[in-house]
Structure formats: C-alpha cells, structure tokens
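**Student:** Sequence:
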Amino acid sequence: MNNIFKYIIITPVRDEAPYIEKTIESVSCQTILPSQWLIVDDGSMDGTGEILDIRAAQTSWIKVIHRENRGFRAAGGGVMEAFYAGYSVLNDENWDFIVKLDGDLSFSPDYFEQCFRIFEVEEKLGIGGGTICQLKDNQLKVDSVGDPLFHVRGATKIYRRACWEKINPLVKASGWDTIDEVKANLHGWTTRTFAELKLVQHKPTGGADGFWRDRFKNGRANYITGYHPIFMLAKCVKRALRKPFFLESLALLAGFYTGYLKGIPQVRDPEAIRYLRQQQIRFLLRRPGIYGQP
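In this text, residue positions in the sequence shown follow UniProt numbering: the first is 1, and each later residue adds one.
Keep in mind that a hint or two might mislead.
The following label-pair restraints were derived from C-beta to C-beta distances [claimed, not checked]:
(1) Ser28 x Gly210: 27 to 35 angstroms
(2) Gly210 x Lys172: 35 to 43 angstroms
(3) Asp53 x Gln139: 32 to 40 angstroms
(4) Leu149 x Pro169: 23 to 31 angstroms
(5) Glu120 x Ser28: 20 to 28 angstroms
(6) Ser60 x Leu233: 35 to 43 angstroms
(7) Leu140 x Leu90: 30 to 38 angstroms
(8) Lys198 x Gln266: 32 to 40 angstroms
(9) Leu241 x Gln58: 48 to 56 angstroms
(10) Ser28 x Val89: 32 to 40 angstroms
These are computed hints drawn from the structure, not numbers from a lab. We put the CB at the ideal spot given by N, CA and C, even for glycine.
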C-alpha cells in the first residue's frame, strides 16, 4: 500500500545477535515501511554489528551507527545516549512519527499500520505502542500487567511529531520512558498502550541482570523520575503478595529509598515532577487522572 504514514525508527542495540534478525525481518515485512531506520550498535561484542552491516548493505533505508564499547551495559541513560547518537544523524525531515524500537522484538506485518490508524482516529494521542509479551511455556504472556494506563513500554514507543517537538529532548537517565509520557500529558496529549496489538520480546526483561537487580533498577528509576514517596510505598504494599512474595517490593523499595540516602540526582524538570506527583496523589485519593480510576 502507499506509504501515507511517514515514520522513522531508531533502535539502540547492544549484544542482540540472537534476536536482532527477528526484528529486522519484522520491520522489513511491514505493510508500511519506514522512511529510514537508524540502528545504533552501542559497542556490541557478540557479532551484532557484523549482522547489522550485512543487512544494511542489502537495504537502502537501514543505516547503522557504530559506537565504541564502553565496557559495560548502561541501562536507561545509556539507551538514550545511543538513541540520540542515531537521532543526530537523521537526514530525513519528512516524517510524521518517530519510533524508538528495541532490537529483540518480533511483531505482525501490519503492526505499524494498525498503530498509525489508531493515531489517525485519536487526534490527541501523542505517544502509543503495542503490548509487550514474552513466550513462557509456549504461551504468550503479557509483560506489562500492572502498568499505569498512561504508560507505553520503552521497547516500543511511537511519538507523533507534534508531541515529540514539545517533549524533545528526552532525559538521558533511568525513567526516561515515564517522564516523556508525563511531559506529553502535561502538554495536553494522551498516551497509552494498544492492548490489542502484541509484540513478542525474545530477551526477558532484566535478563542481563537478574530479578533482584532488575527490580532494584526499576525502584531507582522511580526515584530518579520523582515518584512521590507515599505513592511508592503504596505501590510496594500492593505488589508484596505478587510472586515471588515480598521480593519484588523489597527490591523496589531498596532501589527507591537508597536514592535518597545516596543523594542521587533526580530529573531536572520540577514542573513534570510536580505534575506526576499530583497525579499519583489523585490516584491514591481515588480521583480520575492519567493513572485512571483505582
């Protein structure tokens, strides 16, 4: 079909050799192809860069940017640094949507077309994306159970250009994929996940770090983002009875409150943090807001 929706994709990757081909195949088979796909190899050591170079040589709209290996994986801030390494070499200004896409996903050939149709109908939708799932026991399991209504997983973010121009640049820190949505809502846009559109994430979330470290990092990201301490405590109480019992809550609390103890800097956006905390208190008081109605 005609490419009536013009979009670009930026994909930061590091050591994704077992999965990146699945993502390349999924994008290459889309009913609406991207105008440009910038894939940033963030110092991979497992052959990811070589795979990307081969595929880029075969596809005119794929461009690979290679970054030096820093010697360690840098979640959050490192991801955004790699993202902007791609954004900085973008040479196509004729686009309607910009997509941040992980390199370990697979999805249906009409995924982006269906997403853009939703944006077409919902004129105030600023950020959207499908539901991240994982294969467990040969069944697709939704990975985003319990996420706020306004949240779109960082693995698949689609930004409408008018919204992007209001919230760009994104913060280069853990929690970037919440602050972007907070800022979008603050500017009058809506943000949401499309429950009916599913993507398979082949590398388990936190797979490189383990369960405790992954949840600890989530708690630290909540701190950096500026979560209200009372809201964070309520969140952890709610999750205490979710398997593995208490472990997730303890890790979240440890990551969050040690941020205060160590004096780690938070996001430098007082207006966004104030708005986020107001919305969190509204939720605790059972008032409607971006978190929905409890």
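**Student:** Each hint needs a verdict: does it hold in this structure or not?
**Tutor:** Comparing the hints with the structure gives:
Our hint of 27 to 35 angstroms for Ser28 and Gly210 holds, since their Cβ atoms are close to 33 angstroms apart. Against the hinted window of 35 to 43 angstroms, the Cβ-Cβ separation of Gly210 and Lys172 comes to about 24 angstroms, which falls outside the hint. With their beta carbons about 36 angstroms apart, Asp53 and Gln139 fall inside the hinted range of 32 to 40 angstroms. About 25 angstroms separates the C-beta atoms of Leu149 and Pro169, a value consistent with the hinted range of 23 to 31 angstroms.
Separated by about 24 angstroms at the C-beta atoms, Glu120 and Ser28 satisfy the suggested range of 20 to 28 angstroms. Against the hinted window of 35 to 43 angstroms, the Cβ-Cβ separation of Ser60 and Leu233 comes to about 52 angstroms, which falls outside the hint. Here the CB-CB span from Leu140 to Leu90 is close to 33 angstroms, well matched to the stated 30 to 38 angstroms. Lys198 and Gln266 have their C-beta atoms about 34 angstroms apart, which keeps the hinted 32 to 40 angstroms range intact.
Between Leu241 and Gln58 the beta carbon distance is about 51 angstroms. The supplied range of 48 to 56 angstroms therefore holds. Between Ser28 and Val89, the C-beta spacing of about 21 angstroms breaks the proposed range 32 to 40 angstroms.
In the structure shown, a violation is registered for the earlier hints numbered 2, 6, 10, in ascending order.
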